[in-house]
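Engineer: Residues per chain are reported as follows:
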Amino acid sequence: MEAKKTNKKREPGFLRMETNLFDRIFIGVVIFVAIHLLWMRFLESSISLTVASIISLVLIFVIAKWG
Amino acid sequence: MKQSARRKGLKQVFLYIVWIALTLITLFPIYWMFLISARSRVELFSNRNLYQTTIFWENFVRPLFQGVYGQYVVNSLIVATGNTLLVVVLAVLAAYALSRYRVKGGQNIFFWTITNRMAPPAAFMLPLFLLYSRVLRIGDLQLYDTHIGLILVYCVFNLPFAIWLLKGIIDGIPTSLDDAARVDGASTVGIIRRIIVPLAAPGIAITALLAWIFAWNEFLFATTLTSVKARTITTGLVEFVTVVGTNWGEMAAMAIISLLPALLFLVLVQRYIIAGLTFGAVRE
Amino acid sequence: MKSSKTAWGLLAPTLIILGLVGLLPFIYVLYVGFHDWMIFAKVSGLVWAGVDNYRELVFDEDFLAALGRGLRFTIWTVSIQMVLGLLLAHLLMKKFKGRGFFRAIHALPLTVAPLVVGATWRLLTIPGLGPLPFYLNKIGIDYNIGWSAQQAFFTTVLMHIWHWTPFVTLTFLAGLSALPKEPFEGAMVDGANQWQIFRYIFLPMLKPVILIALFLRIMDALRIVDEVWMLTGGGPGTATRYVGIHIWRVVFPMTNYGYGSAMSVLLLYFIIVVCWLLLTVITQAKREAGT
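Protein chains in written order, with the numbering used here: chain B, 645 to 711; chain F, 2 to 285; chain L, 422 to 712.
Honestly, the hints are just simulated from the structure, not real lab data. Computed from a predicted structure; not experimentally measured. Any given hint might turn out to be false.
Said to hold, decoys possible - Computed Cβ-Cβ distance ranges for the label pairs, DEER-style: (1) Tyr690(L) / Arg135(F): 51 to 57 Å; (2) Arg183(F) / Pro625(L): 35 to 41 Å; (3) Gly10(F) / Phe673(L): 57 to 63 Å; (4) Ala22(F) / Val610(L): 27 to 33 Å; (5) Tyr690(L) / Asp141(F): 33 to 39 Å; (6) Phe575(L) / Phe658(B): 42 to 48 Å; (7) Trp469(L) / Arg195(F): 54 to 60 Å; (8) Thr247(F) / Gln705(L): 48 to 54 Å; (9) Val706(B) / Glu603(L): 47 to 53 Å; (10) Leu142(F) / Leu693(B): 39 to 45 Å; (11) Gly10(F) / Pro657(L): 31 to 37 Å.
We put the CB at the ideal spot given by N, CA and C, even for glycine.
Hey, can you work out the whole structure from these sequences and the hints?
Structural biologist: Okay, here's the thing in structure tokens:
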């Protein structure tokens, strides 16, 4: 019955726990928001926020793919 | 042997002392409120006794029958009962679905419903207020300050809670019963009505009770989403605290009134409370 | 085998209602949070503001302080409640006459409305009327929660413990009553002492229940509003203005709905993260217990 699920459970990636795609995207978005908030507070005076967006988008992709 | 019996006796005594102390701590604030509600304004600040022989009925009568609080009590009754009925019916259906079927992303749906329960009402108040009073309106028809508006909004915290409790209970009913009924040609609704509901009745009762109490006790949504017509008794309590001074006696009296139904229900179902609170955490 | 269409049919009404009162406000608050919406401005309606609201928010010391206060309150109350609840459940498990009666009394605070709890504690603590300042004064302690920030904070903690410890106890008792009795009896026969039974049988067997109770208590403590509001009104000063109260009291009178929405979103984000982390730990623990 497990196999019927489309959000297939698979071997844990570098997050070291069982996750489906939804879980990993969720984690990615949480990190995305956290990076932006911290960036605005501490780094934005010197580095533009766009850099944060790029970094976090890459992170979301990495987590969704290999997490 | 004798010594161990004595130790056991001592232990019993110790237990009783702990429980009696706890009972006193638990009851004292409520008892004090009762004392305040039985005293007139003058007596409040002069009488420091921890007992009371007279009751100043004015505190109860004036707000209930001359003030608006009678109406508030009625509003609270309508909203809590309506919400409980809605929540229990929907939660039985949903819990059955989550318990018996493998729904795609069922885990995620479950997580989402729980998030609703956990979400701080403070964070939802502004958008709900704006939606109720400005966005979701047709002409003069709006959800703001209506009973139905409150009944719907209380689903936010009651529905996930009810689903959570009931799912644990329905999980405990063997599926073989469903299958047998299905072979006999019963529909899904028939199975829920004739097998699940009777077997889960104690669980459903405790769920309904808790949902009713939560709805009756709710304050934040009630105070932001109503203004005159649908105000509930908890919002009324705050109205006693005014800049010109608080009528403590009347406030305590209304607080006592708001306690009564919860007390009554507690007495009725106290034996089921523990059985109902397992949250599906322990498999039997 | 069974069609999942039926399942969706059964779930539909729930999803519709939660969508209306749960998801829709969420999406709406996200949307408004990226706008400026001044109710008294010349341009009425929403003006796109990008992340400006959030930029302002991460530097908003009042908000961050309220968040910190809420956390401090949560840590104090929840840890004490868990310890007390564990001890009481351990005690209440023993059979003795009148157990049902004591349990029912113990459950009483649970049914009291948070607002009424606030009101009762206020009646206990107002100077000149309440017994608490009166008797504490007699033994030489100057107790006034309208004046001392420290005392106000710990009074709110005490009130919350009074109100919610029974919930923890009862949840543990529920968990216990579903557990097999043999390990306890076996340990008794083997001559294990109270502490060993507590540490090596009680705690591990109850782990899933403990985690769930912890989860529920943390969530409730973080979003506390009405009890504390009724007791102290968030005062003295801002000493007991926890994050929920801050949002409730600051957002509504504020004329910028956009900024208020952003604040709500940030609190939600924070809560969802904590909620998710705890739930992950719980499912992990359950899985370990299950296999």
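Engineer: Hints numbered earlier in the text: which of these fail when held up against the supplied structure?
Structural biologist: 1 and 11
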